[in-house]
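Number of protein chains: 2
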Amino acid sequence: MKTVIVHSPGTVANLVCGFDILGLALKEPYDIMKLRMLDTPEVIIRNRDEFNLPTEPHKNVAGVVLLSIMEKINEGIGFEIEIKKHIKPGSGIGSSAASAAGAAVAANHLLGNIFSNDDLVQFAMNGEKLASGVKHADNIAPCIFGGVSLIRCIHPLDIVSISSPELFVTVVHPQIEVRTSDARQILRQQILLKDAIRQWGNIAGLVTGFLKNDLDLIGRSLEDVIIEPVRSILIPGFDEVKTKCKEAGALGGGISGSGPSVFMLSKDEAIAKAVESVMKDVYTKIGIDFNTYVTTINKKGVEVVKGE
Amino acid sequence: MKTVIVHSPGTVANLVCGFDILGLALKEPYDIMKLRMLDTPEVIIRNRDEFNLPTEPHKNVAGVVLLSIMEKINEGIGFEIEIKKHIKPGSGIGSSAASAAGAAVAANHLLGNIFSNDDLVQFAMNGEKLASGVKHADNIAPCIFGGVSLIRCIHPLDIVSISSPELFVTVVHPQIEVRTSDARQILRQQILLKDAIRQWGNIAGLVTGFLKNDLDLIGRSLEDVIIEPVRSILIPGFDEVKTKCKEAGALGGGISGSGPSVFMLSKDEAIAKAVESVMKDVYTKIGIDFNTYVTTINKKGVEVVKGE
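Going down the list, the protein sequences come from chains A and B. Taking numbering that gives the first Met the number 0, the leading residue of the first sequence gets 0, the next gets one more, and so forth. Taking numbering that gives the first Met the number 0, the leading residue of the second sequence gets 0, the next gets one more, and so forth.
Next comes chain A alone, as it looks inside the complex (with noise of 0.2 Å):
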């Protein structure tokens, strides 16, 4: 039967002002998944990592995605998968919309592609609801369509690519343990009026920098008045990381998705390797364990690297 190779990316949600519409995804880190079809319906998932998620596909976000897209089809047919994760879970940096995105491209090759990537985002959004509990799509979107991705509205789902610069992401990844229902549950129901007023000034100038190529208006827009200052305590070192990453000549950033991992933007590779000393000094220092990485932004989203 049919095989297909993707590189799933990690993504970076939230950008900062942009809690549950911005997302952007990363050249690096990207899962490996080969996708197989079968002539029985069913799904069968092979770990090829260490990190033992479950393989029984109801429990596997990879899975319930391919098991949505077998409901939609309705033809029979079923899939193998063998996945070689290498953004862990928990990481922040979008692990489970690889798994769900890459998935879904990859079923949708195999199928001929009769699917478009609006309807890859409602299919992959049920792996986010598997291991979130809400069905977002700030991972998703980015993680199918590339570059930076706004979802102005998830009910009807209307998803705005957004051009951006060729900017440097570095991310620091300290080895603790946030959980995404967490981050989600110490958020405050209520905020004031005016310091929504900041926020949508500041959406609305990160996005304009973005697309007018502002690499000043980005940064200056790079500020979250309303979830940072409830989540960042969930992140030791974070207010220490952000100060000096600035000071190191990053142009801002912050939280990736609900943490731990802190993702800052720069406008060259020297500044975003500058950035990561800063990121390991803090650290090493603090006595956490940490991955960084030094990556780009990924214009192209879930890529085909092998395909029959």
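Some hints could be false.
Which copy is meant is left open, so a pair is good if it fits within one copy or across any two.
Stated by the list, open to error - Below 20 Å or equal to it, Euclidean Cα-Cα: the simulated EDC-like pairs (lysine to aspartate or glutamate) are: (1) K193 - D181; (2) K305 - E81; (3) K279 - E79; (4) K134 - D194; (5) K211 - E165; (6) K1 - E49.
Keep in mind the hints are simulated off the structure, nothing from the lab.
Please build the complex by placing chain B on the supplied structure of chain A, with the hints as guidance.
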């Protein structure tokens, strides 16, 4: 002494979802102001219209702006200003901003353009403070810069010009009084986070639509789930006008500033005029006097039409 004549246009602030951060300038109506420099440190105001606005400089919007400029330069000069307003005070299309911005631009012209546009916004906001008690820039900025303005932040002031498609604007001013201070007071100080998220998706969508010339996206993003549901109850016929204007082909629209004017954006003049007919029908039926305007976005802002 030197004199200058300026045309200072009406403006639409808020732009539905962009409460306090977005505004656009109108081609019409505009106020006509003639400013003459005096060699004595005084401000003389002569009204050339029927609105009976105060002529004491400290109580007149243009007057306080001129006084603030005189205080800044401290050179013993003064100004005589003749004002013929065409923008009705209290209409919600930036009447006070036109007086304030027009006076600032005219004075700057006579002084040899020593101040930047950002400086002029600062001076002109003194007029808004007098008119409404709040230093806001969402009428002042588009009035001075022209086009669509984003006020990303008010402290420190950060104004960003947003390019936009050639849209038509239809405005109806139902002749009822909505005081800006009342319109502010009825707003809730706290809002739901989920509503704020929906709003910032729309703001990002609206700005993206302007910058990418995407009329459909502009239309989809002209939705306000926070301010309009509260303020529109002050404007008789609002829901009917809005629904019928969109049925007539308008991209969308809403309350102009804090009302009572209602504006609609359309992609061409024929639709803009059909929208005007709808507005006329609704307010004729309700029995409220009204003015309407069919105009375009003014890309220049305050214009010096005659200067020495």
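Indices of hints not satisfied (ascending): 3, 6
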